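Given the structure of chain A, go ahead and fit chain F onto it with the hints provided.
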Amino acid sequence: MIIQRLLRFLPGILLAMALNQVPGLAQVTYQRLLRADSEPANWLTYSGNYQSHRYSQLNQVNRQNVAQLKPAWVYQIRQAGVVETTPIVADGVMYITEPPSTVTALDVSTGRPLWTYSPSIPADVIAIGSPFGQVNRGVAILDDTVFVGTVHSHLVALDAKSGAVRWDTVVADNKLGYWLTLAPLALDGKIIAGVSGAEAGIRGFVDAYDAKTGERLWRTWTVPAPGEPGSETWAGDSWKTGGGSTWLTGSFDPELNLLYWATGNPAPDWNADERPGDNLYTCALLALDPRDGKMKWYFQFTPHDTHDWDANQIPVLFDAAINGRQRKLVTVANRNAFYYVLDRETGEFISGTPYAKQTWAEGLDAKGRPILRPGMDPSVEGTLVYPYVGGPANWHSPTYSPQTKLFYQAVREVGAFYLKGEADYKPGLAFVGGGQRALTGDDAYGAVRAMDATTGQMKWEFKLQSPPVAGLLSTAGGLVFGGTEEGNFFALDAESGRPLWDIQLGGGIRSGPISIAVDGKQYVVISAGFALFVFGLP
Amino acid sequence: MVTVQRVRAGILPCLLLAASTLAAAQSPSDVEQGRRLYDGMCVTCHGFDGAGGEAPSLSRPMSHTDETLKSIIGNGIPNRGMPRVRRFTDNEVLQLVSYVRSLGRVASVSLPGNAERGGEVYRRQGCTSCHMVNGNGSSLGPELTGIGALRAPQHLKQALADPGAVLPRGTLPIPARAYFEYLPVLVVTEDGREVRGMRINEDTFTIQLRDAGNRFHTFRKSNLRRIEKETGKSLMPSYRDRLTAAETDDLVAYLSSLRGAK
Chain A
112 MIIQRLLRFL PGILLAMALN QVPGLAQVTY QRLLRADSEP ANWLTYSGNY
162 QSHRYSQLNQ VNRQNVAQLK PAWVYQIRQA GVVETTPIVA DGVMYITEPP
212 STVTALDVST GRPLWTYSPS IPADVIAIGS PFGQVNRGVA ILDDTVFVGT
262 VHSHLVALDA KSGAVRWDTV VADNKLGYWL TLAPLALDGK IIAGVSGAEA
312 GIRGFVDAYD AKTGERLWRT WTVPAPGEPG SETWAGDSWK TGGGSTWLTG
362 SFDPELNLLY WATGNPAPDW NADERPGDNL YTCALLALDP RDGKMKWYFQ
412 FTPHDTHDWD ANQIPVLFDA AINGRQRKLV TVANRNAFYY VLDRETGEFI
462 SGTPYAKQTW AEGLDAKGRP ILRPGMDPSV EGTLVYPYVG GPANWHSPTY
512 SPQTKLFYQA VREVGAFYLK GEADYKPGLA FVGGGQRALT GDDAYGAVRA
562 MDATTGQMKW EFKLQSPPVA GLLSTAGGLV FGGTEEGNFF ALDAESGRPL
612 WDIQLGGGIR SGPISIAVDG KQYVVISAGF ALFVFGLP
Chain F
14 MVTVQRVRAG ILPCLLLAAS TLAAAQSPSD VEQGRRLYDG MCVTCHGFDG
64 AGGEAPSLSR PMSHTDETLK SIIGNGIPNR GMPRVRRFTD NEVLQLVSYV
114 RSLGRVASVS LPGNAERGGE VYRRQGCTSC HMVNGNGSSL GPELTGIGAL
164 RAPQHLKQAL ADPGAVLPRG TLPIPARAYF EYLPVLVVTE DGREVRGMRI
214 NEDTFTIQLR DAGNRFHTFR KSNLRRIEKE TGKSLMPSYR DRLTAAETDD
264 LVAYLSSLRG AK
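Protein sequences, first through last, are from chains A and F.
Going left to right, the first sequence walks through residues 112 to 649 as this note's numbering numbers them.
Going left to right, the second sequence walks through residues 14 to 275 as this note's numbering numbers them.
So that you can see chain A by itself, here it is in the shape it has in the complex:
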């Protein structure tokens, strides 16, 4: 009997073995990543596609029936902490990260775990700069390998079927304050990663690693060394501890073959006495050649930042007509409260519009450089400035809907007294030089704002009780999904902002929603509190 059964399954087993041996049939190829939009049942890369639209083509859940959404399954994380993960879903498996740097593969139809990987993290790991502690935002997948960055500053490649370690590369020295929280970005044969740590005075960089071996292919520093272009914007040795973290996943244009990666604040954050100058290339968007990491152009949003206005927001790529001419655009709702529209071939500034309350700039000049209001720097007694340190936008994802041509951003309306303190660099310790006293509680609020993506003009807003930390998802069903700090997960009409559905999930939402399909049925996925929730129609 056993032999008969084996014989019955033999053709299938042989076929499976054959498939595994054909590299061209590996699980998630670069070709599939390029065409992520064409398989909306899966969610193959952090922002849904290389253009970072965080938009789902699925329309089974729509304005008419979204109010019927019900939980399909819930996964409770293993070690309590803040869940910032965006799941990757490929071929029936959901890959999530759990705090601090654990990867878990789940059966997408039941939520049952298939494998889990937890790196061994030293007890004295240094993780300075995150208000939510040791977090992770997700994995990347390429072929049959899953990639994760860790809080102790490793990049680890795991077998997608078992979680077994294929390679484990040290990205940088955690003792100096380098750590990884971002979801890496998988390109053709290479994995792009960036680092956190400006609050510990690191010198930032963007790295590319060989996906097969873990060998580093190139490194592009975000703070130039003496003699390099841009070094004239730093004084003395300040470049050595200049910050410029690269802690959020970038975007990619395969046609232009350009990688768009944002950089963080200069260090120390709030005391700039030792770093006069523009402090290139901090608080900027970099366009890099993925072959060698060479910078094709940069655009600095906040020269000589003194407010910790990182530019680590998601760069969104789309094409649109501006003044009658079709342009390739990259747009960013920046932490400094301006919405920027740039030409993504050249970096040329096209427009910049405030999308939240700001009191620090009169506006932007013709090249997009802020026209500063005097007296807005941090001070010993405190200087009231809008926006607060966290910014109206931060790492939480915006979404762009090709259907409505709107850019949706979860906005935080908060001011703060900026305080200047002493900054004394000691390796592995906080190097910030001040802080803030934010006007929170009843003095603050949040909103989901829909803006004309090419101009930044606001079309509608939906007010939120408090400043959100949750990203947004738009769908072809005419919906925008978002979440609140109080645990509300909700759907809005993408055209009008009218609320159509909400549910209380019992814990703050600090991640971005995605949508997938299993056996032809659409689901919406979000984490809240210490759990991951999957919703579908009854």
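Just so you know, the hints here were simulated from the structure itself, not pulled from any lab data.
Bear in mind the structure is a predicted one, so any value in this text is a computation, not a measurement.
Warning: the hint list may mix true and false statements.
Straight-line C-alpha distance at most 16 Å; calculated EDC-like pairs for lysine to aspartate or glutamate [stated by the list, open to error]:
id	chain 1	residue 1	chain 2	residue 2
1	A	Lys407	A	Glu456
2	F	Lys242	A	Asp554
3	A	Lys574	A	Asp553
4	A	Lys574	F	Asp216
5	F	Lys246	A	Asp553
Same frame as chain A, but now just chain F:
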């Protein structure tokens, strides 16, 4: 943050006095050293002077002993985002603990009033119908068993005269930190019914109130015609004209003497 600043104005002059009554390890210079360490490591999340920010306010020092604070700093709170801090020497951790323990701590100072007589005023004025001390009284207003350690006499005096001006923030786990607590809210339902009460909690879609009769109400905001937040007001009446100056001093002395469960 207005409330916090007002509270601090009352607390700061007492800080050195408070420190001097602490153990030998907690000298004024230790508190000052601790403040420096705090400003370098903790201020980004917990705010200046422990006023709170992304992380909670630290103005309730009674909640923790030195040992538990040392443990929290050394081990973190994994389910709340508080990281482990293991790069301080033992002495530095003690200094940090000294500073954090000094936050929001009000020292016993000599006051013009008489606490015993103040207790009489408290009972005569019917304060127990809204406030609870050591388990006795009603739970409508703030529980006062430890109020003397949390609030300076000047603050208590102001709270009696103008309760709406000093609504606390960050003293309760709910609502979320930094929201006004005991904030009066008037809601009008779609069918015209009015309910006035203190906000207990609120999110984008719902609001929870407790009315003057201590009854809970919950509403979906989409079912309300109007939500009026009465910022600067309180359900507690002003006692400015109800008490003589001497009675006020006595009542403040009594409240200041309430320094924790007996």
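- Violated hints, by number in ascending order, as checked against the structure: none
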